[in-house]
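Q: Please construct the entire structure, taking both the sequences and the accompanying hints into account.
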Amino acid sequence: MVDLRGNPFYLDEAGERWVKETETAMTPHEKVCQLFADPLMGKSREELIQFLEEYPLAAIPFRARLWQRGGSGYHGRASGAKNSLSLRGKL
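If you're matching positions, the sequence shown starts at 0 in numbering that gives the first Met the number 0 and goes up one per residue.
Calculated directly from the structure, the hints in this document are not laboratory data.
Just to be clear, a hint being listed does not mean it is correct.
Said to hold, decoys possible - Label pairs and their computed distance ranges (CB to CB):
{"no.": "1", "residue 1": "PRO38", "residue 2": "ARG16", "range": "27 to 35 Å"}
{"no.": "2", "residue 1": "GLY41", "residue 2": "VAL1", "range": "21 to 29 Å"}
{"no.": "3", "residue 1": "ARG16", "residue 2": "GLU52", "range": "35 to 43 Å"}
{"no.": "4", "residue 1": "VAL31", "residue 2": "ASN6", "range": "35 to 43 Å"}
{"no.": "5", "residue 1": "GLY41", "residue 2": "LEU3", "range": "31 to 39 Å"}
{"no.": "6", "residue 1": "PHE50", "residue 2": "PHE8", "range": "26 to 34 Å"}
{"no.": "7", "residue 1": "ALA36", "residue 2": "GLY14", "range": "18 to 26 Å"}
{"no.": "8", "residue 1": "SER43", "residue 2": "TYR9", "range": "21 to 29 Å"}
{"no.": "9", "residue 1": "VAL1", "residue 2": "ARG44", "range": "33 to 41 Å"}
{"no.": "10", "residue 1": "SER43", "residue 2": "GLU22", "range": "17 to 25 Å"}
Unchecked claim - Below 25 Å or equal to it, Euclidean Cα-Cα: the simulated SDA-like pairs (lysine to any residue) are:
{"no.": "11", "residue 1": "LYS19", "residue 2": "MET40"}
{"no.": "12", "residue 1": "LYS30", "residue 2": "ALA13"}
{"no.": "13", "residue 1": "LYS19", "residue 2": "GLU46"}
Predicted model only: the values in this text are computed from it and were never measured.
We treat Cβ as the ideally placed atom computed from N, Cα and C, and that holds for glycine.
A: Given below as structure tokens:
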């Protein structure tokens, strides 16, 4: 068991409860997706949404200098995942 109140998390009771409730509500597929990060470069907004609905990643690397709109879509990073502990629904 991970100590969510200790180093490096330092969560209070409400934060610890939220983490446990969120993890319990996640499907096995969503839990496996939490193990991966994908840069998602060169995808359109629609492609990003479709991908992240299918694969709720734990993280998406972001480099501000790469974020620009042009051509066929966004050439950069996006954030969002169905049940991500850190990126819950922010696309």
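Q: Compare the structure with each hint and give your call.
A: Hint check results:
no.	hint	result
1	PRO38 / ARG16: 27 to 35 Å	holds, 33 Å
2	GLY41 / VAL1: 21 to 29 Å	violated, 36 Å
3	ARG16 / GLU52: 35 to 43 Å	violated, 27 Å
4	VAL31 / ASN6: 35 to 43 Å	violated, 26 Å
5	GLY41 / LEU3: 31 to 39 Å	holds, 37 Å
6	PHE50 / PHE8: 26 to 34 Å	holds, 29 Å
7	ALA36 / GLY14: 18 to 26 Å	holds, 23 Å
8	SER43 / TYR9: 21 to 29 Å	violated, 39 Å
9	VAL1 / ARG44: 33 to 41 Å	holds, 35 Å
10	SER43 / GLU22: 17 to 25 Å	violated, 31 Å
11	LYS19 / MET40	violated, 32 Å
12	LYS30 / ALA13	holds, 21 Å
13	LYS19 / GLU46	violated, 31 Å
Hints 2, 3, 4, 8, 10, 11, 13 from the list above are not met by this structure, while the remaining hints are.
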